[in-house]
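Participant: The primary structure of each chain is shown beneath.
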Amino acid sequence: MQVLIVEDAVDTSKFMARALEEAGHQTQVAHNGVEGENLARSLNFDVLVFDRMLPLKDGMKVVEDLRADGINTPVLFLSALGDVEHRIEGLKAGGDDYLSKPYSSAELVARVEVLGKRVDPDNRTTLLKLGDLEMDLITRKVRRASKKIDIQPREFRLLEYLMRNAGQIVTRTMLLEKVWDYHFDPQTNVIDVHISRLRTKIDKEFDHPMLHTVRGTGYRLEA
Amino acid sequence: MWVVNFRAKFEKLKSWVMDSWKFRPSLTSLLQTTSFKVAMTFAGLFSGFALLLLLFIYASTVWILSYDADRGARRELSELTDIWFNGGVNNLNRTIIQRAATNSDSLYVLITPQGTVLSGNIDAVPMDLSKIDRPETSDDLRSVPIIGRGFTYFRGDDVRRQRGARGVFLAGPDGYGLFVAKDLGPGFVLAERIVSVVWFGSLAVLAFSVIGGYWVARGASRRVDELSRTTEAVMAGNLAIRAPTRTYKSGGGDEFDRLTQDLNSMLDRTEKLVQSSRTIGDSIAHDLRSPLTRLRSNLENASLHAKTEEDLQLSIENAIAELDAIVVTFNAVLRLARLEAGEGGNFKIFDLSETLLELAELYEPSVTEKGLEFASNIAPNLMMKADKSLLFQAIANIMDNAIKYTPTGKIEVSAKLAAANKIEISVQDSGPGIAANDRDNAKKRFVRLDGARSTPGNGIGLSLAQAIAEAHSGKLELSDGMANNGGVGLKVTLVLNSGL
Numbered sequence: 000m001q002v003l004i005v006e007d008a009v010d011t012s013k014f015m016a017r018a019l020e021e022a023g024h025q026t027q028v029a030h031n032g033v034e035g036e037n038l039a040r041s042l043n044f045d046v047l048v049f050d051r052m053l054p055l056k057d058g059m060k061v062v063e064d065l066r067a068d069g070i071n072t073p074v075l076f077l078s079a080l081g082d083v084e085h086r087i088e089g090l091k092a093g094g095d096d097y098l099s100k101p102y103s104s105a106e107l108v109a110r111v112e113v114l115g116k117r118v119d120p121d122n123r124t125t126l127l128k129l130g131d132l133e134m135d136l137i138t139r140k141v142r143r144a145s146k147k148i149d150i151q152p153r154e155f156r157l158l159e160y161l162m163r164n165a166g167q168i169v170t171r172t173m174l175l176e177k178v179w180d181y182h183f184d185p186q187t188n189v190i191d192v193h194i195s196r197l198r199t200k201i202d203k204e205f206d207h208p209m210l211h212t213v214r215g216t217g218y219r220l221e222a
Numbered sequence: 000m001w002v003v004n005f006r007a008k009f010e011k012l013k014s015w016v017m018d019s020w021k022f023r024p025s026l027t028s029l030l031q032t033t034s035f036k037v038a039m040t041f042a043g044l045f046s047g048f049a050l051l052l053l054l055f056i057y058a059s060t061v062w063i064l065s066y067d068a069d070r071g072a073r074r075e076l077s078e079l080t081d082i083w084f085n086g087g088v089n090n091l092n093r094t095i096i097q098r099a100a101t102n103s104d105s106l107y108v109l110i111t112p113q114g115t116v117l118s119g120n121i122d123a124v125p126m127d128l129s130k131i132d133r134p135e136t137s138d139d140l141r142s143v144p145i146i147g148r149g150f151t152y153f154r155g156d157d158v159r160r161q162r163g164a165r166g167v168f169l170a171g172p173d174g175y176g177l178f179v180a181k182d183l184g185p186g187f188v189l190a191e192r193i194v195s196v197v198w199f200g201s202l203a204v205l206a207f208s209v210i211g212g213y214w215v216a217r218g219a220s221r222r223v224d225e226l227s228r229t230t231e232a233v234m235a236g237n238l239a240i241r242a243p244t245r246t247y248k249s250g251g252g253d254e255f256d257r258l259t260q261d262l263n264s265m266l267d268r269t270e271k272l273v274q275s276s277r278t279i280g281d282s283i284a285h286d287l288r289s290p291l292t293r294l295r296s297n298l299e300n301a302s303l304h305a306k307t308e309e310d311l312q313l314s315i316e317n318a319i320a321e322l323d324a325i326v327v328t329f330n331a332v333l334r335l336a337r338l339e340a341g342e343g344g345n346f347k348i349f350d351l352s353e354t355l356l357e358l359a360e361l362y363e364p365s366v367t368e369k370g371l372e373f374a375s376n377i378a379p380n381l382m383m384k385a386d387k388s389l390l391f392q393a394i395a396n397i398m399d400n401a402i403k404y405t406p407t408g409k410i411e412v413s414a415k416l417a418a419a420n421k422i423e424i425s426v427q428d429s430g431p432g433i434a435a436n437d438r439d440n441a442k443k444r445f446v447r448l449d450g451a452r453s454t455p456g457n458g459i460g461l462s463l464a465q466a467i468a469e470a471h472s473g474k475l476e477l478s479d480g481m482a483n484n485g486g487v488g489l490k491v492t493l494v495l496n497s498g499l
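Sequence lines, in order, name chains F and H. Residue 194 in numbering that gives the first Met the number 0 sits at position 195 of the first sequence, and the numbers go up by one each step. Residue 90 in numbering that gives the first Met the number 0 sits at position 91 of the second sequence, and the numbers go up by one each step.
It is possible that part of the hints are untrue.
Said to hold, decoys possible - Straight-line Cα separation of at most 25 Å, PhoX-like style, residue types lysine-lysine; simulated pairs:
| id | chain 1 | residue 1 | chain 2 | residue 2 |
| --- | --- | --- | --- | --- |
| 1 | H | LYS387 | F | LYS100 |
| 2 | H | LYS347 | F | LYS91 |
| 3 | H | LYS387 | F | LYS177 |
| 4 | H | LYS347 | F | LYS203 |
| 5 | H | LYS415 | H | LYS442 |
| 6 | H | LYS387 | F | LYS91 |
| 7 | H | LYS271 | H | LYS415 |
As the list claims (entries may be wrong) - Pairwise CB distance ranges (calculated):
| id | chain 1 | residue 1 | chain 2 | residue 2 | range |
| --- | --- | --- | --- | --- | --- |
| 8 | H | LYS384 | F | ARG40 | 37 to 45 Å |
| 9 | F | ASN188 | H | LEU303 | 27 to 35 Å |
| 10 | F | GLY215 | H | PHE329 | 56 to 64 Å |
| 11 | F | GLY69 | H | SER296 | 37 to 45 Å |
| 12 | F | THR11 | H | ASN440 | 38 to 46 Å |
| 13 | H | ARG293 | F | HIS207 | 35 to 43 Å |
| 14 | F | GLY130 | H | ASN420 | 48 to 56 Å |
| 15 | F | ARG123 | H | ALA418 | 49 to 57 Å |
| 16 | H | ASN440 | F | ASN71 | 51 to 59 Å |
No wet-lab data here; the hints were simulated from the structure. Here a beta-carbon is modelled for each residue, glycine too, at the ideal position from N, C-alpha and C.
So here's chain H without its partners, still in its complex pose (with noise of 0.2 Å):
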């Protein structure tokens, strides 16, 4: 038993480690990544233009610290082979060991046939010049340009001190050689010096990207690991999830924030939708059902037990009068299902006022037939940005209705302006209303309270009026009308926002 515990204990254990390291993202996918990417970029610009600046400070620099130093060494070897060739190699040995004492910036060296040094101010030059060719005849010269920054001073108190210098050697006469050179000075030393850092700080800048940039995208994948696995669950179906957010004391969000919010906000919108399409899609089902059963049991006996022609007939027309009720409940459903889904339909200026005249005249005829006393107090310029006819279908529902339920006494409908921008219509009646706590109920779809049954109709009326309602950024209010009877009577009012 306890092993199994354990057991099962690991295994969980097991699926955890796995499950947080398969939302790791992995390094080549971080390095896929979009902010890997940017970082890297700007890194790479950044480091390059750096190098290009490097290049361009160091080549001047250097060119004119080289410029200056190669005319300085040519004019002190002039000097040196004019006193070499008349004085010779004692007199120039001398002004040699002369001006190796005075001149800090001038580099000498004198070699002899065999290779020793007989007199200069450095010990290290960066080649063997022993081994450089001396000419054959003693007339001849030849010179041969050194550059580098081997050079070590023996003099003073900063022996081994490393220069650059730039100089010639000049293999002369007798096997004798002589170089001088100019030490191309602080400013040399202070060009290699920005070379060195900038080369450190570039390398510096993009390791420093690389691990920022990994950073960064590291977090902006999981928030869009966060994403993904949302959408994820809502592809396997689960519409109820949403993305983790976040809240911050200040307020704002970045990007992903928003991202999320919106998300959010069309999931939520895509639960609706579903739901609402399976609401209506149950409800059609369920309200076109018992029509076609009955439809469908009415003619099933018509055709086993009509004796007459005229029972057959009769029989047919009944069944084209539920299928005609039938066509009249799908519609509604329909319309009612396209508002739902935010279909709003076409909304444009009008008159409300002149329409909701014409609805009274259409239907005053239909209310005195009643018995029914028919009165409208309806504003003048009520002006208004709706669906005409969605609006003209809502309110004609409400009349419909009305007239149906109410057995005497009055009807009246009204509109008037209510406050700025509000529009509000209603329509009173005598009859028995609806008690408070049955009203949320009969706003509901396919709902037909229990006064209502045996009389005609699809308990679609009120709800469509309501959508539509709804879609003009209203609602549908039911209340008590006129008393009449023992009737509390229904008002029925739309409150719209006028669009305007």
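In isolation and in its complexed conformation, chain F is listed as follows (with noise of 0.2 Å):
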């Protein structure tokens, strides 16, 4: 994946190339908001990642710009300010996903290979197929090797968010902003439990286990 990261800060960019590339991206970096747009819009990227706030041209004016023309390359948002009302006006202006500083490497390299995967909105797929796991989108049936999961309504869209970005690595706070819509810091360990019992219903009683635990990090469902 080629990855366009835009971030005046020297180390902070050369931390998130390096993590990016450990992960097997490409990555490329710019360090004013000038810099950045040219370069994407080269067109050469899968994702870019930028930072709200940028010498020359603000990040967010950058993205407004490149979606005035058209340009859809997904974008995630890197930004020190952190409140609900920031990511709104983030995504308003175009971004297509937002994390708040300070982040882990593993929550960087995990969004922007979501963004990077994200599905065609026009996709018209009802059913999601993973190894032997299946679930109807229309029914709202899943089924795993052939045998009925009984499944209940907000397992059944955690575990669709799973298999939308099956072999990738999603974090908690990923699960609890794209799942839940939720953005705040649960002090306990709320969505840990609901993997666990989603866990058992999709894992406990067959062969081998789909859905894995990245430690410290989060979550990862495989065939």
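Taking the hints as your guide, dock the two standalone chains into a single complex.
Facilitator: Here is the structure:
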């Protein structure tokens, strides 16, 4: 995956580039808004990572201009402003995801990868399949190895998100944001409990586990 | 000793005098005040208008009177000229004596070539008529208009009364001169009197305006001085000072009282904010310092004593976890600070019941995982105008606490409409509870009660929940929950105004 990193702090940008390269992606770094915009317009990238506040041209403004010109490369905003209002501003400007500083490299990589694999919104698939796990989005039925699995609505959404991002690491915060649409800091591991319930349903009685815990980071669903 | 004491007293007195002098507005500064300028402007406008009116009255009155007087004088003069030409000076003299005795509104003087008065009814004329040139030849006539108010009658009992009159002096043949004039009458006197009254009145108005303006300006500038003394003291760093207020029996006050009240409430707010930001700064320093110290010593320890790669790895991972906890605390403190600084958030109308059901659904597995029973008792269709994400954070904090501190038993979330526009959301647990005298303390920022110190946490959850409740014009109440296993349990209730 080709990733453009636009971040004015040189240390941080190096750290980000290294994290992404270690995950197997190619990166290019720009240190100001204008340079970032020019590179972004070359359309050589799968994901753009923009700091919100950049020298020469504000990151929000750059993304607004790109979107106005029909450039739809997925954008991940990074910002020191982490309030819900700031997040909404960023998404309104055309960002696809918003990560507030400080963040872990695993979180960054996970979000970039999910964005890079973003499903086509016009995709009308109604049946998700991963190995022997099947999910019908219309009848809302889940089967593994042809065995029906009884699943609750929220668990269904959780599984759907995991299946759409199969093979990718998804973090707890990502799940809280994308599945529950919450932006807050729970002090207890509410997400872990939901995952372990889901795991009981889809993995317990089968030959191999599909839902893996990635230590210190999050989860990954694999065939 | 006595001398020193006296000197000290003198210095004190002197400084008091100097101080009171310093706060006395100087004359020039008073003249520059708005109230004085307003007073003077109005006085000027009023006086100017009065003078204009006066000029108009005077001009029109005098014009009418003068016109009549001039016509009368000319008519009389032509009659007398006829008599003079046909009957000679003697005849004229006789006629004038006769008319002077009967006509009260006409003034006559007949002067001989030598300049003496031959006949007439006035003894003083504003100018010396004998000095006026007579024509060279006897056929010529020369008329000189004479206007004045210095004519003095010598007729009757009102001798020496000066009258205003208009007339003509006719320098005739043989060196004789005839002056005929018409009295301008009482109308003219009235006009004159009005003029002087209005003149005097305008001057009096001006004088009163200056005095009144000065007085008003002094009062106003005294009030302004009070206010500016307060603001100066505030600028110098004394936030506790307030501008002096007055109380009135009638209740109301003038605009200065309003300004003073506003200034004082602004100062109240500012003081509270400054205090709260000081407290927040202190609290952050306090609460972040301990984990930072721990972090630092762990890292130092690792760098000095780690023997294996794994030891080092473990230390770094611990350090990162510690840092994440610090960030969470930092975010919470920041949010709390914003709330207390009055940044209310994003208020929208939403279905609280739905949000609470979602929250119950999110937390239910965590509760049951711990072996506790979970119950939710949420009234349907509770609508509310609030910042949804803040409110959610508040209830999540309370839920987190309940799960953390309840070893066995049950947790129950309930919500109901307690009264019109009053919504009560409560989370009850069957844990050890909080003793009544510890409850206020528990709501304070960074306070962690003795029993909680060994568990992870930052001591900010409940105070953040309380600040969020207050931002929704509500409050957070602590009471006993469900008794279980020797504990009284805890019930945390958010009493909120629905804002609808």
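Participant: Checked against the structure, which of the hints given earlier come out wrong?
Facilitator: 4, 7, 10, 11
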